[in-house]
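Visitor: Work out the full structure: start from the sequences and follow the hints.
Heads up: the sequence lines are chains A and B, in that order. Here our numbering is used: the first residue of the first sequence is 1, the next is one more, and so on. Here our numbering is used: the first residue of the second sequence is 1, the next is one more, and so on.
The set of hints was computed from the structure by calculation and includes no laboratory data. Yeah, the Cβ is synthetic: ideal placement off N, Cα and C, and Gly gets one too. Misleading hints may appear alongside valid ones.
[As the list claims (entries may be wrong)] Below, simulated DSS-like cross-link-like pairs (lysine-lysine); rule was C-alpha separation at most 27 Å, straight line:
(1) Lys153(A) / Lys97(A)
(2) Lys181(B) / Lys130(B)
(3) Lys201(A) / Lys291(A)
(4) Lys201(A) / Lys113(B)
(5) Lys18(A) / Lys291(A)
(6) Lys153(A) / Lys66(A)
(7) Lys153(A) / Lys91(A)
(8) Lys181(B) / Lys27(B)
(9) Lys290(A) / Lys18(A)
(10) Lys113(B) / Lys130(B)
(11) Lys132(B) / Lys201(A)
(12) Lys27(B) / Lys204(B)
(13) Lys204(B) / Lys181(B)
(14) Lys18(A) / Lys94(B)
(15) Lys201(A) / Lys94(B)
(16) Lys197(B) / Lys27(B)
(17) Lys132(B) / Lys18(A)
(18) Lys130(B) / Lys201(A)
[Unchecked claim] Facing chain A, according to a computed beta carbon distance under 10 Å, are these residues of chain B, among others:
(19) Asn99
(20) Ala109
(21) Arg150
[Stated by the list, open to error] Ranges between beta-carbon positions, derived for each pair:
(22) Lys181(B) / Asn190(A): 48 to 54 Å
(23) Ala185(B) / Asn190(A): 48 to 54 Å
(24) Leu259(A) / Arg111(B): 52 to 58 Å
(25) Asn190(A) / His116(B): 38 to 44 Å
(26) Leu15(A) / Met16(B): 42 to 48 Å
(27) Val245(A) / Pro110(B): 52 to 58 Å
(28) Lys201(A) / Ala185(B): 31 to 37 Å
(29) Arg11(A) / Lys27(B): 36 to 42 Å
(30) Ala248(A) / Arg111(B): 51 to 57 Å
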Amino acid sequence: MKISTGEYIIRETMLSLKRNSWMSFASIGTVAVSLFVFGMFLILVVNMNRMTDSLESQVEISVYVKDEVNEGGIRTLEERITAMQGIESVKFVDREKAMERFRDRLGDQQFLLDALGDTNPLPNSFEVRVIRPDMVRTAAEAIAELPGVETAKYGQDVVEHLFDITRLVRLFGLALMFVLALATLFIISNTIRLTVFARRKEVAIMKYVGATDWFIRWPFLLEGVVLGCLGGIVAALVLRGAYRVIAAKIYDTLTFFPLIPENPFLHYVTAAILVCGMGIGALGSTISLKKFLKA
Amino acid sequence: MIDMKDVSKVYENGAMALDHVNVHIDKGEFVFIVGASGAGKSTFIRMLFREVLPSDGSLIVNGQDVVHMDHSDVPYLRRGLGVIFQDYRLLPDKTVTENVAFAMQVIEAPRRKIQHSVNAVLDIVGLRDKYKCFPSQLSGGEQQRVAIARAIVNHPALVIADEPTGNLDPETSWDIMDIFKRINADGTTIVMATHDKGIVDAMKRRVIAIEDGHIVRDEAQGVYGYEN
Ligand SMILES: Nc1ncnc2c1ncn2[C@@H]1O[C@H](COP(=O)(O)OP(=O)(O)OP(=O)(O)O)[C@@H](O)[C@H]1O
Ligand SMILES: [Mg+2]
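Guide: In structure tokens, the structure reads:
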């Protein structure tokens, strides 16, 4: 492309942004809202995925041993579990220690245990860790088959719940984004349609004297991309500010919460928002130009 | 320059504007297309720059197959043609110079060449001293001269005009015809649809008469032949 053509395109784009300033403003606003929601769900889903991962990797299998197994049996069991594939560590917890821990965890509610008197209902157990989170299920199932094992449990309920919630959030987010993307496309293509309408004489003359479709298309395309990009910038700025505030709050109160640190995560989110904004802008103007350029 | 064989045009609404028309026009000719209102003159003209596509038949313009050409090749067909309309079709917010230069800008001509060519064609149409005016500051004849300047600035082999004098008084019309004569004398082919009996009769050029979509007369040094 020639330099003078580039100048022409930029000048025309600026001119029509100014000419339709209200419509441009509305488009940028719509794009900003849509992309803000997009970014919010992106951040939410990525954080939840990460939380599921970290929870999963912390998961350990509690293996409860049948009461009738004696000390020798326990040792054989420990050896057999250790020998299994994918096992990282095996730790024996005897029933007295388990009771002690339980008491500790109850804190000032220890009186609840008074009713038990001297009996200890807790079994002997192993705490088993696996090398990779995805091995938890198979390992637990294999251990449960061993003789002398009562049950082998892990936090499957928690993990699976979290999975379900993430899936739900993702689904809801996708649906919402789809609707918002349509709304954004609609308003951008209408803004561009106004520009095309305002310049229809010019475009007709351009066609008579032999301008190519691409030459005619560029200023409109650029206008769409600029609208999308400006909307994206607004959305990204608001989102970054909000994330920072919320992250600070969470670090203060819920220190253990595995929130993804701002950098470079927010840069990626910003990039995604800008790319989506420009993409939607380009698509919007392409839609409104398609019919127009055919003749 | 133009080779039209068995060309028909039926519009979407079923109107038959041209019916098996055969016309051959050589390079350098000056041809009038005449006929009553609704005869099909504009349809004929608009086919030449592919604003209207023939429904049937074959049409070669300036060596290019208009019927079978790709949509993306249409701009290149038009770069070899200059088109002029009854209503001038100038851009109101551009000056005379800018209106003419526009035709070169949009086909990405180099800037220095634009300056030079625009001055040259403004000399041809006699508007050099009004280069800074906006269309609203010009008379109809002057506006049409700007439109002619724009049509010829890229040195087309063929100039196509649909009733270019339709809105002008007889004297001004003759100014326009003088410009056309000069352009034609330089070797440019001219095809012009018109209702102007006086001009057609006085020019003694080739006349193609259309009636209800048929060519009823094609004479080398013809006359208008109708009473207006
Ligand atoms: N876009 C169109 N759609 C449908 N019918 C059309 C269209 N353009 C022209 N026609 C019809 O085709 C026929 C020829 O029209 P055309 O415009 O070619 O006539 P013309 O000779 O240029 O008339 P005039 O002297 O009034 O300009 C007419 O019957 C007209 O109604
Ligand atoms: Mg007509």
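Visitor: Hints broken by the structure, by number, lowest first?
Guide: none
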